[in-house]
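There are 2 protein chains.
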Amino acid sequence: MESSKLSPQDIENQLKQLNIEYILHNHEACMNIADLQQHTKLNHAPLIKNIFSEDKKGQCFLISARHDTIIERAFYKKLGTSYSNCRMAKPEVLQAVLGVAPGSVTPFGLANDTEKKVKAFALDENLLKEEWLSFHPLVNTQTIEIKREDFVKWLASIDRKPEVLNLSEKEEVAAKPEKKEAAPKEKKAAEEDKDDTKLKIMHKKNERFSDWYTDVIVKGDLIEYYDVSGCYILRPWAYGIWESIQSFFDAEIKKLGVENAYFPIFVSQKALNKEKAHVEGFSAEVAWVTKYSDTDLAEPVAIRPTSETIMYNAYSKWISSHRDLPLKLNQWTNVVRWEFSSPTPFIRTREFLWQEGHTAHATEKEADEQTYAILELYRRVYEEVLAVPVIKGVKTESEKFAGGHYTTTVEAYIQENGRAVQSATSHNLGENFAKMFNIQYLDEKNEKKWVWQTSWGLTTRSIGIMIMVHGDDQGLVLPPRIAKVQAVIIPVIFKDSEKGKLDAKAKELEEELAKAGVRVKIDDRTNYSPGWKYNHWELKGVPLRIELGPKDLEKGEVRLVKRFDGSKSQLKQENLGKQVAEILEQIQAAMLAKATEKRNVRLREAHDWESFMKHLNEGCIVLTPWCFDEEEEKKVKLRSKEEAGQLSASESHLTGAAKTLCIPLEQEPIKEGEKCFFTGKPAKKRVLWGRSY
Amino acid sequence: MESSKLSPQDIENQLKQLNIEYILHNHEACMNIADLQQHTKLNHAPLIKNIFSEDKKGQCFLISARHDTIIERAFYKKLGTSYSNCRMAKPEVLQAVLGVAPGSVTPFGLANDTEKKVKAFALDENLLKEEWLSFHPLVNTQTIEIKREDFVKWLASIDRKPEVLNLSEKEEVAAKPEKKEAAPKEKKAAEEDKDDTKLKIMHKKNERFSDWYTDVIVKGDLIEYYDVSGCYILRPWAYGIWESIQSFFDAEIKKLGVENAYFPIFVSQKALNKEKAHVEGFSAEVAWVTKYSDTDLAEPVAIRPTSETIMYNAYSKWISSHRDLPLKLNQWTNVVRWEFSSPTPFIRTREFLWQEGHTAHATEKEADEQTYAILELYRRVYEEVLAVPVIKGVKTESEKFAGGHYTTTVEAYIQENGRAVQSATSHNLGENFAKMFNIQYLDEKNEKKWVWQTSWGLTTRSIGIMIMVHGDDQGLVLPPRIAKVQAVIIPVIFKDSEKGKLDAKAKELEEELAKAGVRVKIDDRTNYSPGWKYNHWELKGVPLRIELGPKDLEKGEVRLVKRFDGSKSQLKQENLGKQVAEILEQIQAAMLAKATEKRNVRLREAHDWESFMKHLNEGCIVLTPWCFDEEEEKKVKLRSKEEAGQLSASESHLTGAAKTLCIPLEQEPIKEGEKCFFTGKPAKKRVLWGRSY
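Those protein sequence lines, which keep their order, are chains S and D.
With the numbering used here, letter number 538 in the first sequence gets 538, and the count goes up by one each step, no holes.
With the numbering used here, letter number 394 in the second sequence gets 394, and the count goes up by one each step, no holes.
One chain only, chain S, in its complex shape (with noise of 0.2 Å):
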C-alpha cells in the first residue's frame, strides 16, 4: 500500500474523532459476496456490495447497495455517463483512487480521494431503510458496522455527499417512442432493443458465480425479489420443477406406505423446548409471533422450522400398541428458519418449502430401512428426475441431526464455485425423541417399548442445486424431466406469405408432439425475431428448440437444437412425437452422465496434509482414510481455515474452511495399516471432505 493513503486505522481514528461507535469485525480475506456470506457474522448491518467503474472519459463512479439487490444500469445516465460507456476500473486506478486493492472497495476509499476523481458515489435507495450498514475499512479482512447516520456523518467530514438513486429502477415504461403508428418492423426492433439486456447473462459462471448465479435466476424468470429480507417469490417456471419433484416423490413414498397429513404451522414453547439438544439446534433461527393486530399473546408461539417437536405429542396420543406400528407420515409445507447468514435464493432462504417425513417402528432395523430407503429416493430424486449426480454417505457425529441417533444424506456439488451442497438429509432418530414425547407401544408380549423414529426432509434447495450444476453462460439448462416447456417449435418465417402454411405445420407438429406425451409450446409472437426467441428459450432453458423454416417445410423436417449441449440436426417430421420423446430421454441420461463426469474431475483422494490443501485450493472434494476423532475433525476446520486465509487472492478464490460432507457408503475398505490422512492414528473408513455452502 502506497504510503501516501490512509490505512484501516486512520479510518478508525477519523470515526472516533466524530464520536461515532462502531463494531469492527476482523476475519479472513472476502473476495466476494458469497465469502463474506461465509465469513462474516454481522450484528445487524446487511452485507454490501461495492462496485467501482470507470468511463471511457477516465470519470470513476463507486455505486453502493444492498448484495442482493439487481441493479439495472439505466441509472448511469443519471450520473453522466452510460452503462454501455462503463467497465471495472483497473487494480492501478483502484489502488490510485480509493487506495484499495481488488475485493476490498469500500466507499471508505473516498477517504483516499482527495482529487476527488470519483465523480459520484451511487447509494441505492434502499440502503436507506437500513439503520446499520456495513464497508471494509479499505482491507477485506475487515468489516465496520456503523450505523446509517453515522456513515452520511463521516462521509460529511469528507466533504462527500452519496447521490441516492434506485438502482433497481428499470427505464421508464412511458419513455417508449411516442410515436403510435410506428410501422411493425420498427415497432419490433425497439422493443427487442429494450429487452435485449434482458436476455444476457452479464456474468460468466466461471468468473463471477454468484452474480451469474442471481442474474440467471431473475431473468430465467424463476425468482422474484421481495422486501422481505431472505424470502423470494418463486415464479411459475420455479414452482413449476418442485411440482414435478413433488409429483415423483410423493408417489414413491405413498407405494412405501407413507400417508400425507398437515400439522400446525406453531409450536408452543414447551413443546419446543422438550428435546434439549433438537432445540439448542434450532433455537438461535426460531421465529417467534408474539401479537396480533395490536394485541399481545399471552404466550408467544414459534413458527416450524422442523415439525419433529409439532408431531411427536400426537404420536404419543396415536401409538399405544404394536398394532399402531409402524406410523408413517409425510407433509409437503412451508418452514421458517430466521438463518443469520446472508441469503442465496433456493440455497439458503428465510423461509422455503419442503416435504418432511416422520415414521415409528417397532425396532431398530425398521428404522435403519426406512432411514435408507428413503435416502435412495433422494438419490433418485436428484439423480434421476434433476439429473444431478449425488453421493450417499453417512454424517459425521458433528454433522449429524440435533437430538437424532444418526444422519444420512446425499451431497452434490458445483464445480464452478468449489462448493459441495448438503442437498437433503434422512435421520435415524433412535428412541431419543420418544423418551421425551413418551412414544411407547406395548409389544406381542405385553411389555412397553420405546419405538425407534426417523424423519427426512427435501427442500426447494434442490432447485439452486439444479440450477448451479446445469446452468451455463447463456443461461438456465433444464433437464427434460422437471421442464415445464420440454421443446418449444419456433417457425421461422421471412417473408408474409409462407406465414400461413409454416403456422400450420407448426401447429400440426404440436398437437403430434403433445399425443406423444411431450410438454411443447408455439412461440409464433410476430412482435419478436426468430433470434430474439432463440434467446429468450435458451435463457429459459428449455430442453429442445423446434425450428421450423421453409426449406425445411419443403424437405418434410425440422431442424433440432439441443439446449444442453449446442448440438444441432435435421429431423424427419414423420413420426415427429416419437422420436422428440426419445430424444429428450438421451437428452435427460446425458445430462447426468456430464454432470458426473464434471464431479469426478474434482472428487479427488489424499493421504496426506499437503495433497489434501492442494486439492481442496483447487476447488475439489477429498476423500481421506480417517481417524474418527471429533476433536481432530475440529482441527481440521481450523487449520484448513487458517491456511485458506493466508493464500493471496489471486492463488485461489476459494476460502473457508473444509468439512466433513459425509462417510460415503460406496468405498473401498481401509487397508491393513492405513492412517489417518491428519492424524497419521489408525484409519477406520474413508471421509468425503470439502467447502460446503
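Hints are supplied without guarantee of correctness; some may be wrong.
You can't tell identical chains apart in this list, so a pair holds if it fits in one copy or across any two.
[Claimed, not checked] Here are the simulated DSSO-like cross-link-like pairs (lysine-lysine), alpha carbons at most 27 Å apart as the crow flies:
{"id": "1", "residue 1": "K533", "residue 2": "K445"}
{"id": "2", "residue 1": "K270", "residue 2": "K129"}
{"id": "3", "residue 1": "K77", "residue 2": "K400"}
{"id": "4", "residue 1": "K270", "residue 2": "K291"}
{"id": "5", "residue 1": "K274", "residue 2": "K291"}
{"id": "6", "residue 1": "K435", "residue 2": "K551"}
{"id": "7", "residue 1": "K153", "residue 2": "K41"}
{"id": "8", "residue 1": "K578", "residue 2": "K254"}
{"id": "9", "residue 1": "K276", "residue 2": "K659"}
{"id": "10", "residue 1": "K484", "residue 2": "K254"}
{"id": "11", "residue 1": "K129", "residue 2": "K317"}
{"id": "12", "residue 1": "K119", "residue 2": "K507"}
{"id": "13", "residue 1": "K129", "residue 2": "K291"}
{"id": "14", "residue 1": "K16", "residue 2": "K392"}
{"id": "15", "residue 1": "K484", "residue 2": "K255"}
{"id": "16", "residue 1": "K448", "residue 2": "K77"}
{"id": "17", "residue 1": "K78", "residue 2": "K317"}
{"id": "18", "residue 1": "K392", "residue 2": "K521"}
Since the hints were made in silico from the structure, they are not lab data.
No experiment lies behind these values; they were computed from the predicted model shown.
Use these hints to put chain D onto chain S, whose structure you have.
Showing chain D alone in chain S's frame:
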C-alpha cells in the same frame, strides 16, 4: 328461581367483597358453546364447558374444561364413581343444587350448594395454564371473566377446592390386564372393550350438533386437537380429502391457463397497509412476527391473512404491456387469521389451508368472465366432488371482500343446526388494487391503462361443510370421490377352518376391485370381531362395506352395505369390479340428490317480516324480495337478533342475527309492483338470508 338461591347480583357482590376485579359481559341467552362463540366477545378468557352429572347413588359432580377439550371418561374413577353410572343431572336437580336452569351450569352455582351435594368439582388441568377464566354468574345471558387466581380465591371463600385432573387422559396403557398369557378370545374381548367408547358417537346430530361434530371428527380420525389454540392437526383421513379436492381443482384451473407459484408467507407492514379498505378488513386478525431467537426484528413482519398485498408489487413489475396479460397465478398455501371468535375445526381456524388465485386482465369483461368461471368451478368442487349442494350468488355491498369491486360466492347449508356457510368466494377486484400497487399496461394504442383483477379462494373449511352435511349419528359419511378407501372387504369367519378360503377369495376380489380403479382395502385383522370392524369403518365413513361369509362364498356372492343409506344387497362375484365402480358412481349422485332434497325443504320464501322470522326460527334459509338499502340491511340484522333473543330456549335453539348470504344468480324475476319484505319499498331482486357460520 327459588328465593332461597343466590342471584347473579349476589355473586357479583361476593366478588366485590373479596376485592376481585372482573369483567361482566351481557349477551343473549346462550344454550351451548356454539351460541357462546356466536354471541360473546371475551377479552381474555377461553370459553369453558361445564358439565353437571349425577350418578346412580345420587352423588353430583361438576366438571369444567376448555370448550375444546376432549373429555375422556376415565377420570370419573378418580372421583369415586364411573362414567357408566353417571348421567346428566335433571333440571330439577340442577335447580336444587346449583340454583341454575339448564344451559346455565357454572361453578358459581357452587355458592348455592350449601349442603355440599356436589361431591367433587373437577377442573381440567389445562385451565391452570389460562390467566383468565369465564363463567356464567348463574344465568346464561351474562358471562364473567375473572383471573384464574381470583377464581380460586373465590372458591376458597365458599370453602371449595377443585380437584385438578387431566380430563383428556386416557386410561393408562399399563392398567391393562397383566396376565400375559390371556387366551386369544379373552384378549380380543378386552381390546374391544377398551375401544368400545372410541367407536360410538356419543351425541345425536339433531340434539347436540356441536358435540356431535367434535365427536365425529375426532373419532373418525380426521382431527387431532393441538396445544396452540385454534390450530388442529389434519390427519391423513382428512388430508386425503384435501388432496382429492386439490387434484380436481388444480387440473381444472390449469385448463383455464392458470399457473401455480409460491409467494412468501411474510408481508411487510408497508405493503400490508397499501390498500386502505383491504387492510381494515383484515388488520384485527393479523399475526405478527416480532423477533427471532431472543432478538427483536427491526421491523416486524406480518403473516399472510391473504396475499393480495404480497403479490401485487410483483404484478406491477411483471406487467407493462397488453402482451403480458392475462396473468393468472394460483398458490396452495397456509394462511393465518387470528380470529377472535372461538375456533371450530375446519370451519373457523387460526391457520388453514387454501388455494388463492390472483389474475390480472386487460378488460372488465375478461375479469368478469374469470370471476364467474372460477365460481362455477367452486360449485363443481362442492356438488361433483363433495356431493354438497350450493347456491351461487353475489354478495351484497356490505358483505363483499374488503377492497374489492364485487364478490361472488357459493353458499351451503347445514340442516341440523339451521346455519348457512359461506363455502368459497371469487372476487372481481376491479381496478382498486391496480391503482394502489400501480399495475398498468400499455394497450395496443400505446395508452396506459389500469389492469382489472380477480382473486378467489377455497379453503379446508370445505371439508368441515362436507362432514356437517353428510355425517350421521354413526359418524362420518364420505362421498366415494373423496374417500381414501371407497370399499372395505371384511371376511366374516366363524370357524378357523374357513379362514384360508375366505381370505384367499377376499384377496382375489380386492385385486379385481383395484384393477377396476376402486380404492379398496381388506380388513383381515384377527384381533377384532366382524361387528367391531363394521362399526369402525362406519364411523370412518367408508362408502361401501363388502362382507364375505362362508355362505356368500358358497353361493359365489358378496354382501354389500352402503354407508350413506344403510341399504344391504347380495351381489354376484362375477365382474365385481365393474359393478362396484358403477355403484360408487350411483352413491355419489344419490348423496348429492339426498342432500339437495334436505336443503330444499329448508329453503323458504317470505314476503313479510312475520313469515321471515317464522322460517328463520325453524332453522331455514329464506329468500325475500329486497330493496337493496344498506341501512335497512343492518336493521334486519339487528331486529332478527333481538327477536331471536326474546324466544325462550325451548322454542328455538337458534339465536343470532340473520344476514344476507347472497343474491342468488338463478332467481325468478321481480314482478311488477313487488315490494321489499322489510321496507315495503319497491323490490329490485331477491336476496337469500340466513343465520351463518
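Cross-check of the supplied hints:
Proximity of K533 to K445 under the C-alpha cut-off of 27 Å is restricted to the inter-copy arrangement: shortest distance 24 Å between copies versus 70 Å within a copy. Taking CA atoms no more than 27 Å apart as the test, K270 paired with K129 passes between copies only; the shortest distance there is 12 Å, against 36 Å inside one copy. For the identical chains of this complex, K77 and K400 are neighbours neither inside a copy (52 Å) nor across copies (46 Å), given an alpha-carbon limit of 27 Å. In this homomeric assembly, K270 and K291 come within 27 Å of each other (Cα to Cα) both inside a single copy, at 18 Å, and across copies, at 18 Å.
Taking the closest pair of Cα atoms, K274 and K291 come within 27 Å of each other both inside a single copy (23 Å) and across two copies (21 Å). With identical chains, the CA atoms of K435 and K551 are never at most 27 Å apart, being 74 Å at best within one copy and 50 Å at best between copies. When the C-alpha separation of K153 and K41 is checked against a cutoff of 27 Å, the pair qualifies only within one copy, where the shortest distance is 25 Å, while the shortest distance between copies is 52 Å. In the homo-oligomer, the alpha carbons of K578 and K254 lie at most 27 Å apart only across protomers (25 Å), although the nearest pairing inside one protomer, at 30 Å, exceeds that limit.
Within a single copy, K276 and K659 get their C-alpha atoms as close as 25 Å, which meets the 27 Å cut-off; across copies the closest is 52 Å, which misses it. Proximity of K484 to K254 under the C-alpha cut-off of 27 Å is found in both arrangements, the shortest distances being 24 Å within a copy and 13 Å between copies. In this assembly of identical chains, K129 and K317 lie within 27 Å of each other by CA distance solely across copies; the values are 21 Å between and 48 Å within a copy. Taking the closest pair of Cα atoms, K119 and K507 never come within 27 Å of each other, the shortest separation being 56 Å inside a single copy and 84 Å across copies.
Taking the shortest Cα distances, K129 and K291 sit within 27 Å of each other both inside one copy (23 Å) and across copies (18 Å). In the homo-oligomer, the alpha carbons of K16 and K392 never lie at most 27 Å apart, since the shortest distance is 53 Å inside one protomer and 71 Å across protomers. Within a single copy, K484 and K255 get their C-alpha atoms as close as 25 Å, and across copies as close as 15 Å, so both meet the 27 Å cut-off. In the homo-oligomer, the alpha carbons of K448 and K77 lie at most 27 Å apart only across protomers (24 Å), although the nearest pairing inside one protomer, at 76 Å, exceeds that limit.
Taking the closest pair of Cα atoms, K78 and K317 come within 27 Å of each other only across two copies (21 Å); inside a single copy the shortest separation is 66 Å, beyond that limit. In this assembly of identical chains, K392 and K521 lie within 27 Å of each other by CA distance neither inside one copy nor across copies; the values are 37 Å within and 36 Å between.
Of the numbered hints listed earlier, those contradicted by the structure are 3, 6, 12, 14 and 18.
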